[in-house]
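*Asks:* Working from the sequences, and respecting the hints, build out all of it.
Here the protein sequences come in this chain order: Y and V.
Numbering follows my numbering, in which position 587 of the first sequence is assigned residue number 587; successive positions increment by one, without gaps.
Numbering follows my numbering, in which position 95 of the second sequence is assigned residue number 95; successive positions increment by one, without gaps.
Be aware that one or more of the hints could be misleading.
With a straight-line Cα cutoff of 25 Å, these simulated SDA-like cross-link-like pairs (lysine to any residue) come out [unchecked claim]:
(1) 629/Y <-> 87/V
(2) 515/Y <-> 23/V
(3) 11/Y <-> 30/Y
(4) 409/Y <-> 560/Y
(5) 378/Y <-> 427/Y
(6) 608/Y <-> 560/Y
(7) 378/Y <-> 403/Y
(8) 642/Y <-> 89/V
(9) 18/V <-> 546/Y
(10) 99/V <-> 546/Y
(11) 99/V <-> 603/Y
(12) 629/Y <-> 49/V
So the derived label-pair ranges between C-beta atoms look like this [to be verified]:
(13) 376/Y <-> 35/V: 38 to 48 Å
(14) 364/Y <-> 108/V: 49 to 59 Å
(15) 675/Y <-> 11/V: 37 to 47 Å
(16) 49/V <-> 669/Y: 25 to 35 Å
(17) 585/Y <-> 109/V: 32 to 42 Å
(18) 652/Y <-> 109/V: 53 to 63 Å
(19) 49/V <-> 297/Y: 25 to 35 Å
(20) 633/Y <-> 7/V: 20 to 30 Å
(21) 455/Y <-> 35/V: 36 to 46 Å
(22) 5/V <-> 686/Y: 53 to 63 Å
(23) 35/V <-> 489/Y: 49 to 59 Å
(24) 307/Y <-> 35/V: 55 to 65 Å
One-sided excerpt, in silico: chain V residues whose CB lies under 7 Å from chain Y [to be verified]:
(25) 23
(26) 27
(27) 37
(28) 56
(29) 57
(30) 60
(31) 63
(32) 64
(33) 92
(34) 93
(35) 96
If you are wondering where the hints come from, they were derived from the structure by calculation, not from laboratory data.
Ideal Cβ placement from N, Cα and C applies to all residues, glycine included.
Listed below, chain by chain, are the residues.
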Amino acid sequence: MIKLPPIHIGKLSLLLAILVWLAMLFVNLVRLVGILNQIDSGFAIEFSWVLQILFFLTVYGFYNYSITKNSQSDFLNLIWRGASTGLFAVAVYVIMDLFISSLGDSKLSRDPFLATFFYHIRFGLLTIFLVSTSLLWQHLILYQKTKQVVKQWQAFEIAMLVGMFLVFFGGKDTEYPFFFGMALLGILAVILSTNLKWIPYLTFKEKWKSLLFLAIIISTVCFFLWYTFSVEKDRIYPVNLTWNLFLISLFWFVLVYAVLSFLVTLFNLPTSSVFEQKLTEAINFQRLSQSIQPEENEEQVLDILMDSCMSAAYADAAWLEMNSEDFPEGLTQERFIDGDMREEISDLINDQKSVQAWASEKRPENISPITLRLHHPKFESVLLVPLVINKIVIGKIVLCKEVRDGFNKEMLNIISTFARQACIAVENHRLLNQAILHERYQEELKIAQRVQKSLLPTKLDHNQSFDICAYSNAADEVGGDYYDTYMLDEDRYVLIIGDVSGKGTSAAFHMSQMKGIFQSLIQLNISPSDFMIKANAAVSKCLERNHFITASIFIINTAQQTICHSRAGHVPTLFHQVNEHKSAYLEIDGLGLGILRNMQYKNHVVEKTFTYKPGDVLVLFTDGIVEAKNDTSDQFGYDRIKTLLDLYHDLNPQEIQSKIIDSLHNFVGGERLIDDDYSMMVVKFSQSTIQI
Amino acid sequence: MLTITTQQENGHDILLLKGEVDASNSVILDEAITKAVNDGSNSILVDGAGLEYISSAGLGVFMSYLEDFQEQEINLKIYSLSDRVYEVFKILGLDQLMKIYPDKITALNS
Numbered sequence: 001m002i003k004l005p006p007i008h009i010g011k012l013s014l015l016l017a018i019l020v021w022l023a024m025l026f027v028n029l030v031r032l033v034g035i036l037n038q039i040d041s042g043f044a045i046e047f048s049w050v051l052q053i054l055f056f057l058t059v060y061g062f063y064n065y066s067i068t069k070n071s072q073s074d075f076l077n078l079i080w081r082g083a084s085t086g087l088f089a090v091a092v093y094v095i096m097d098l099f100i101s102s103l104g105d106s107k108l109s110r111d112p113f114l115a116t117f118f119y120h121i122r123f124g125l126l127t128i129f130l131v132s133t134s135l136l137w138q139h140l141i142l143y144q145k146t147k148q149v150v151k152q153w154q155a156f157e158i159a160m161l162v163g164m165f166l167v168f169f170g171g172k173d174t175e176y177p178f179f180f181g182m183a184l185l186g187i188l189a190v191i192l193s194t195n196l197k198w199i200p201y202l203t204f205k206e207k208w209k210s211l212l213f214l215a216i217i218i219s220t221v222c223f224f225l226w227y228t229f230s231v232e233k234d235r236i237y238p239v240n241l242t243w244n245l246f247l248i249s250l251f252w253f254v255l256v257y258a259v260l261s262f263l264v265t266l267f268n269l270p271t272s273s274v275f276e277q278k279l280t281e282a283i284n285f286q287r288l289s290q291s292i293q294p295e296e297n298e299e300q301v302l303d304i305l306m307d308s309c310m311s312a313a314y315a316d317a318a319w320l321e322m323n324s325e326d327f328p329e330g331l332t333q334e335r336f337i338d339g340d341m342r343e344e345i346s347d348l349i350n351d352q353k354s355v356q357a358w359a360s361e362k363r364p365e366n367i368s369p370i371t372l373r374l375h376h377p378k379f380e381s382v383l384l385v386p387l388v389i390n391k392i393v394i395g396k397i398v399l400c401k402e403v404r405d406g407f408n409k410e411m412l413n414i415i416s417t418f419a420r421q422a423c424i425a426v427e428n429h430r431l432l433n434q435a436i437l438h439e440r441y442q443e444e445l446k447i448a449q450r451v452q453k454s455l456l457p458t459k460l461d462h463n464q465s466f467d468i469c470a471y472s473n474a475a476d477e478v479g480g481d482y483y484d485t486y487m488l489d490e491d492r493y494v495l496i497i498g499d500v501s502g503k504g505t506s507a508a509f510h511m512s513q514m515k516g517i518f519q520s521l522i523q524l525n526i527s528p529s530d531f532m533i534k535a536n537a538a539v540s541k542c543l544e545r546n547h548f549i550t551a552s553i554f555i556i557n558t559a560q561q562t563i564c565h566s567r568a569g570h571v572p573t574l575f576h577q578v579n580e581h582k583s584a585y586l587e588i589d590g591l592g593l594g595i596l597r598n599m600q601y602k603n604h605v606v607e608k609t610f611t612y613k614p615g616d617v618l619v620l621f622t623d624g625i626v627e628a629k630n631d632t633s634d635q636f637g638y639d640r641i642k643t644l645l646d647l648y649h650d651l652n653p654q655e656i657q658s659k660i661i662d663s664l665h666n667f668v669g670g671e672r673l674i675d676d677d678y679s680m681m682v683v684k685f686s687q688s689t690i691q692i
Numbered sequence: 001m002l003t004i005t006t007q008q009e010n011g012h013d014i015l016l017l018k019g020e021v022d023a024s025n026s027v028i029l030d031e032a033i034t035k036a037v038n039d040g041s042n043s044i045l046v047d048g049a050g051l052e053y054i055s056s057a058g059l060g061v062f063m064s065y066l067e068d069f070q071e072q073e074i075n076l077k078i079y080s081l082s083d084r085v086y087e088v089f090k091i092l093g094l095d096q097l098m099k100i101y102p103d104k105i106t107a108l109n110s
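*Replies:* Quick look at the structure:
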């Protein structure tokens, strides 16, 4: 398969334009021969017209492509392109005329072939200049285009296209359609020429340059007009190429737009500094409103604010004062003023009554900038701009001018907007930093939560003689509830449940200490009361004076079916005995760990051993369950747990546990949260042990 | 919510507690007791009639003074506790260590 080379529209149309131009030259030279020899050349006049239209279209195609391709919206470049094309064309015109005149009276100078050749060159150059310049104008007209302008331009292009073909329909210069077409195109051109939105965006210097270029274009157009319609009027060529509706309308369009642009640019010169100022303000505003990145600091925003305010007010000097609370080092920025002068003016300002009233305004969000007159040899007027963040004045900017009453209302408006925007940026920055910090804490807490979860056993030690399950829930991310199990030997198992005073992070730390104490001491194979005495001694070394831990410990002996129990201030454990058909709390004295930190503690520890029967149930829990409150401040209480166990003791431990927890949640109410840690452990002794 | 009113009566400092003592306000109770001690009181009576609830943090406050008061021979007595609040003291074992009385008269006469 043959691969077609990529079509280069620019080059193709350029090549076509040259070919068409050469064909036109050839046809017209042949026609000249025919006229001179008074024979029919065989070419109808329409043939030249077709070639001419083709030439227009190919030149249009070439420039349309090349301008669109290189269009950087640099207006000066565009105008310069038109001007340089014009200058080049004029130079060629002049050189050709000089060449003719240098020939003097020789035969060559009157040679009709040479004249026709030059005429074609001039026609080509003129077309190139007019078409390229009008395409440049198109770019300028369609700057910040609206739908309406685009439609107008399309109408203009179509009218021009129709105008090209008018020559076929008897479009002689003196006839009605010609004038009608010209009037229409002329009006359209004027309407389009009112689109000059690009001019204000030029800077002062650029305006001067564009004036120069536009002047070049205007003079070039005038030169071409003069040459085409005055110098060449009397010359006779085999075909008149220039006198047609298309070229005349282009002349008109290029000239009108150039003249209008020139005048508007000229009149815009004095106000261009205002426009530039507004543009700078808009840019400053944008810079201020962009929120600061967390790693950047507020001073950068205040820096931009200072610059913006100074340029908006044309201030001669300025300084920034921050209140000491936010900036303990007393941030001050000085612009075009030294410390001594600043203090001098500061004193003058603070002496004024209006300033004292202004500074003592109770609602800072209502404070607006104020202007003052000063009796100072250098600065005669000052403007105070408050910086208010979150209804607190964090500082002020003082702008100084050497002229009296140098600040007007417009300046005040724009400056207060600047200040507000900067304050919002600073506030956002602070909030963002806070949010980031907060997020980090949350992350840390999540880690703590994970670590603490791992402190509670996932597998509870037991044998076939009893079944066990446990549940724990913290009010905050981490909590102070603790439960654990330990297997002393095949028949003996230890259960512990504990609660650290307080809740949250501090409780969680103490809970992990309790775990360490339990896991260490229990390996000594000691009795529950000894455990409590030793644990109390250990806890007393670990906890702050006003903290304590409550705990209940059980050593279950499945061979003898006994339970040895000791309680250190922990909420009593519920025990359901199948034989008795009722549940009761195990009553035993005991004192919380860490309350009495001396040897007397052992006087308060009691140990009790009792037997169990298969089917009996032990429910261990923490005070979070008992003290859980509902809307009317009633506590869940001991009796409710007892009633629940009486009802559900036949179920397995998991079921008993979920019955109690569901009931607890129903009691508290769906929306309310239990504001304490709560845990429970349910043990049920198996029926099957009887057979063993 | 916790409000503490302090009264002076025959050389006794009486703290009237009203509301609930929990982790968020146990500091107030602590400060009130410390203030009484610093003012040179050697008999502090705590009226718990208005006390609806006391959390472990609140118990911790009383607990932290136990040994100091024993050494300095300062009397701290609590009276008129509701059943529910007394139960909390009792479960923890504080009833064995602290002087808790059913009412003001028995507290003063003991």
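*Asks:* Among the hints numbered above, which are violated by the structure, and what are their numbers in rising order?
*Replies:* Hints 3, 4, 5, 13, 19, 26 and 27 are the ones this structure does not satisfy, whereas the remaining hints hold.
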